Amino acid sequence: MAEIIRTENLTYAYPADEGAAPALALRGVDLTIEKGSFVVVLGHNGSGKSTLAKTFNGVLLPSEGHVLVEGMDTRDETQLLAIRQRVGMVFQNPDNQIVANVVEEDVAFAPENLGVPSQEIRQRVDSALRLVDMADFVRHAPHLLSGGQKQRIAIAGVIAMEPTCIVLDEATAMLDPMGRQEVLSAVHRLNREEGITVVLITHHMNEAEDADRVVVMDDGEVVMDGTPREVFTQVARLRSMGLTVPDTVDLLDRLRKDGVDVPLTALTVEECADAILEAIAK
Amino acid sequence: MLKDITLGQYFPGDTVAHRLDPRTKILLVTFYIIALFCAKGAVSYGLLALTLAVCVRISRVGLHALVRGLKPVLFIILFTGILNLFFTPGERYLVEWGVLRISDTGLRNAIFMVIRIMLLIMGTFLMTYTTSPISLTDGLERLLNGLKKIHVPVHELAMMMSIALRFIPTLIEETDKIMSAQKARGADFESGGLVQKARALIPVLVPLFISAFRRADELATAMECRCYHGGEGRTKLHVLHYAARDWAALALGAAILVGVLALRPLGL
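Protein sequences appear in the order of chains U and Y.
Residue numbering for the first sequence follows the numbering used here, starting at 751 and increasing by one per position.
Residue numbering for the second sequence follows the numbering used here, starting at 26 and increasing by one per position.
Rather than coming from a laboratory, the hints here were simulated on the basis of the structure.
Remember, it's a predicted structure, so these values are computed and weren't measured experimentally.
Note that CB positions come from ideal geometry on N, CA and C, so glycine has one too.
Wrong hints could be hidden among the right ones.
What the hints assert, rightly or not - To list a few chain U residues with every Cβ distance to chain Y over 10 Å, as calculated:
no. : residue
1   : Leu818
2   : Arg834
3   : Phe841
4   : Asn843
5   : Asp845
6   : Glu854
7   : Glu855
8   : Phe859
9   : Glu862
10  : Leu864
11  : Arg872
12  : Asp883
13  : Gly976
14  : Leu993
15  : Ala1023
Stated by the list, open to error - Label-pair restraints from in silico Cβ distances:
no. : chain 1 : residue 1 : chain 2 : residue 2 : range
16  : Y       : Leu226    : U       : Arg756    : 50 to 56 Å
17  : U       : His938    : Y       : Gly218    : 39 to 45 Å
18  : Y       : Ile188    : U       : Met924    : 17 to 23 Å
19  : U       : Asn759    : Y       : Leu182    : 56 to 62 Å
20  : Y       : Ile188    : U       : Asp780    : 51 to 57 Å
21  : U       : Arg872    : Y       : Gly256    : 18 to 24 Å
22  : Y       : Ile188    : U       : Gly992    : 52 to 58 Å
23  : U       : Arg756    : Y       : Val41     : 40 to 46 Å
24  : Y       : Glu198    : U       : Arg872    : 27 to 33 Å
25  : U       : Arg979    : Y       : Gly255    : 34 to 40 Å
What the hints assert, rightly or not - Here chain U is said to cover these stretches of chain Y; the calculated rule only asks that three of the stretch's residues, wherever they fall, bring their Cβ under 8 Å from a Cβ of chain U:
no. : region
26  : 191-202
27  : 241-249
28  : 259-266
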């Protein structure tokens, strides 16, 4: 598979007070995101996961090292628009990323900036809203929508740029469980049906279950990288970093400690139930 | 309480008045204001009042909504009316009552002035009632486009205006939240004199400002992430274009303006 984003020895230091040593938020991250994949980046607060996300489209520029988007360096200002068109970003607070006071105007904002002809903007807006299942709200005022709906509008606004990759920077953190589910299923559909690469930054373990790949960050470094199964079976290590494990893995882990022979690899509720049934049958 | 505030009150509808291009409406209101200030006699005022009445009828905006718009400026209307009434020197005095004297020109001026201000306000309100704030901003941006040549940041101003409009409900909601939070901790916004009431608002305004700045910062980042790079090379989802009805309305508006100007030397 082709790669879309690659970081090389990516280091980022937030500007510190004079005299104080700069606080390193990222310490030499080497990461490659494959085209079409669904990658979840996990980590507790202050692990550097959000900083990492913001370097992907040049909101933050690396202090050292490089970030390459389809081969373009984010430091190259002449390529910045091209990079941002390819890597769309959705942020945590839906209220602070909606620009217009009519849904369709907001979704049209990015293509308008890119100078897309009016007729094509119309098509893009309609299809983007259909993709996030918000087509019935074209003429609505965003501030009257629910959190999950607003966030889907924000996603539609990014999709209208026709990006190859969407980065969601804790986009579900402020939502209720319902809203979170709406946003996640929309994002999964985009990944599956439209082949858009998704990088989901979160601290909710359960959101990582269906991912192709899970990257765990701690103290500015990538500490684990693999399939959800590979990562979540390392229960003790995750806990030592202050992360919880999905409920299913937690249950299986406790059963194992009590001497029941179940595998840790059953992530979904169904798999977990099957594994327990099998163990009981033995 | 705060939820009741609506700025640029817009009554959605589908009449000719609503469908007119926002630029046409802005131009028409400009014509109307010029005509009002050039009107000299009863005939001109009658013509302009009739024009407004016809427009109100077409727009199907309720008359009481328009009259309600006059309420906040009632004081100014009365003030100018009274000043004109008593302090205009004239040839003949109708009433003399110590220093207060009402001259014939004073009475005339007062009546015309009050009518002028009322028509002025109702005319502009009719525009905001029938045009959504967004299209109004859009129309202004397009109308003032020519000023870009002399480096007036027209696009930036229009963008600021539409973002301000977008964030009014959000910030009102936030103010409500902060006030509730302060009330829960015993803040008192109702009692006391004006100074005390104003002072009670400080703990509301400080967090509101801080959060507004934070929002602005995040919004700017989000806009940049969506490839915003100023007005250059920007296209629009909705492109404004004049239809036949716009030309007709503009011609009619211009005719009325010319009519009023023609009546002026005659003193009508």
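To see whether the hints hold, each was checked on the structure:
1. Leu818: holds, 18 Å
2. Arg834: At roughly 5 Å from the nearest Cβ of chain Y, Arg834 (chain U) sits no farther out than 10 Å, so the non-interface label is violated.
3. Phe841: For Phe841 (chain U), whose nearest Cβ neighbour in chain Y is about 6 Å away, the distance does not exceed 10 Å, so it is violated.
4. Asn843: The claim is violated: Asn843 (chain U) sits with its nearest Cβ about 6 Å from chain Y, within 10 Å.
5. Asp845: With a cut-off of 10 Å, Asp845 (chain U) comes too close to chain Y, as the shortest Cβ separation is near 5 Å.
6. Glu854: violated, 7 Å
7. Glu855: Violated, because the least Cβ-Cβ distance between Glu855 (chain U) and chain Y comes to about 6 Å, which does not exceed 10 Å.
8. Phe859: violated, 6 Å
9. Glu862: violated, 5 Å
10. Leu864: violated, 5 Å
11. Arg872: violated, 7 Å
12. Asp883: holds, 21 Å
13. Gly976: The assertion about Gly976 (chain U) holds, with a minimum of 29 Å to chain Y.
14. Leu993: holds, 26 Å
15. Ala1023: Given a closest Cβ separation of 42 Å, the condition holds.
16. Y:Leu226 - U:Arg756: 50 to 56 Å: Distance hint for Leu226 (chain Y), Arg756 (chain U) holds at roughly 52 Å.
17. U:His938 - Y:Gly218: 39 to 45 Å: violated, 59 Å
18. Y:Ile188 - U:Met924: 17 to 23 Å: For Met924 (chain U) against Ile188 (chain Y), whose Cβ atoms are near 21 Å apart, the range 17 to 23 Å holds.
19. U:Asn759 - Y:Leu182: 56 to 62 Å: Since the Cβ atoms of Asn759 (chain U) and Leu182 (chain Y) sit about 44 Å apart, the hinted range of 56 to 62 Å is violated.
20. Y:Ile188 - U:Asp780: 51 to 57 Å: Once the Cβ atoms are compared, 39 Å apart, the range 51 to 57 Å for Asp780 (chain U) and Ile188 (chain Y) is violated.
21. U:Arg872 - Y:Gly256: 18 to 24 Å: Holds - the Cβ-Cβ distance for Arg872 (chain U) and Gly256 (chain Y), about 21 Å, lies within 18 to 24 Å.
22. Y:Ile188 - U:Gly992: 52 to 58 Å: 39 Å Cβ-Cβ, so the 52 to 58 Å window is violated.
23. U:Arg756 - Y:Val41: 40 to 46 Å: Since the Cβ atoms of Arg756 (chain U) and Val41 (chain Y) sit about 58 Å apart, the hinted range of 40 to 46 Å is violated.
24. Y:Glu198 - U:Arg872: 27 to 33 Å: holds, 31 Å
25. U:Arg979 - Y:Gly255: 34 to 40 Å: violated, 48 Å
26. 191-202: holds (count 4)
27. 241-249: This one holds; 6 residues, not fewer than the three required, reach chain U with a Cβ under 8 Å.
28. 259-266: Since three or more residues must qualify, the claim that chain U covers the region 259-266 of chain Y holds, with 6 doing so at under 8 Å.
Going down the numbered hints, you'll see the structure goes against 2, 3, 4, 5, 6, 7, 8, 9, 10, 11, 17, 19, 20, 22, 23, 25, while the others check out.
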